[in-house]
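Visitor: Sequence:
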Amino acid sequence: MRALVMGATGGLGRATCAALSAAGHEVVTVDSPRTQARANSPRSQARVDPPRSQGRADSARSQPQVDVVADLAEPGAARAAVTRAWESYGPLDALLHVAGLFPARRALETTEELFDTVMAVNTRSALMAATALADLCVRHRRPATVVLTSTGGALRPRPGTTVYAASKAALEAVTRGLALELGPLGVRVNAVAPGFVDVGSPLNPVPAAYVEAVRAASPAGRVATPADIVPSLLWLCSPDSAWVNGHVLAADGGAGLGSPGMPSWLGEHRTEAVPGQLDG
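Just so we're aligned, residue 1 is where the sequence shown starts under the numbering used here, counting upward by one.
Hints in this document: simulated from the structure, not taken from any laboratory.
Any given hint could be a false lead.
What the hints assert, rightly or not - What follows is a set of in silico ranges between Cβ atoms, one per label pair, in the way DEER data are often shown:
#, residue 1, residue 2, range
1, A227, P159, 25 to 31 Å
2, P33, D135, 22 to 28 Å
3, E74, V206, 27 to 33 Å
4, E74, R106, 38 to 44 Å
5, P33, R106, 27 to 33 Å
6, A23, L108, 42 to 48 Å
7, G90, A213, 24 to 30 Å
8, E112, R215, 31 to 37 Å
9, A209, L185, 46 to 52 Å
The beta carbon of each residue, even a glycine, is placed where N, CA and C say it ideally should be.
Can you build the whole structure from these sequences, using the hints too?
Guide: See below:
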């Protein structure tokens, strides 16, 4: 399988690239000029190098090289990136859109520019990338699968996440709409909706108190890492999920069910999770 990963140098993107490579798949990466520069990639120009072998990310901690540089906030960038990847590396079997902007901002502080940028990256670029892939698949008579990333916050926004939650709620509508329209063309479209994931990003440092609150509220008794989310992404790319289309898969450790720390009508208290009992 040749998979295109958009947002490849972020925390979830790195883990996704590493897992795909470890499974023997070829990975083609897309990211913005800013993240590409942070990755210190030798590919410093906005160009595409010749095709080469799989396995470019040895671990979830390593930075994958950026094959296609694209600012997904710009109109036309997502479609151009998919087309360039196909033409330079060969037909694509899967598209994983894990790019996203998460601006922690109160609604009263939100500007039109911020709103437009978040919607462009989180929603518009996913739609445009998926339709670009579908166009190519129809032209070349090939099937493909698309996996997008939403969030549990799409249904349960928290203070400071209004714009982000709105972009992901729209993305879930995009997922279902595309599944209806592209399914007859041989392209499946699904999404994974994680809860809070600790990606260790220096760009979006998370207060320790917030992380602890998430841990305490989780039925799993811990905070998710990218390694907890990647298996769901890969499953939706695989033949094992061939009959799944238009689905938003919650990968949140049960966080969407509510906090087990709340007192029950029976007066029972939450028991601490046994380490590893929910792993695997």
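Visitor: Next, verify each hint and record whether it holds.
Guide: Hints, one by one, checked against the model:
no. : hint                      : in the structure
1   : A227 <-> P159: 25 to 31 Å : 29 Å, holds
2   : P33 <-> D135: 22 to 28 Å  : 25 Å, holds
3   : E74 <-> V206: 27 to 33 Å  : 28 Å, holds
4   : E74 <-> R106: 38 to 44 Å  : 27 Å, violated
5   : P33 <-> R106: 27 to 33 Å  : 29 Å, holds
6   : A23 <-> L108: 42 to 48 Å  : 46 Å, holds
7   : G90 <-> A213: 24 to 30 Å  : 46 Å, violated
8   : E112 <-> R215: 31 to 37 Å : 36 Å, holds
9   : A209 <-> L185: 46 to 52 Å : 48 Å, holds
The structure fails to meet hints 4 and 7 from the earlier list, while all remaining hints are met.
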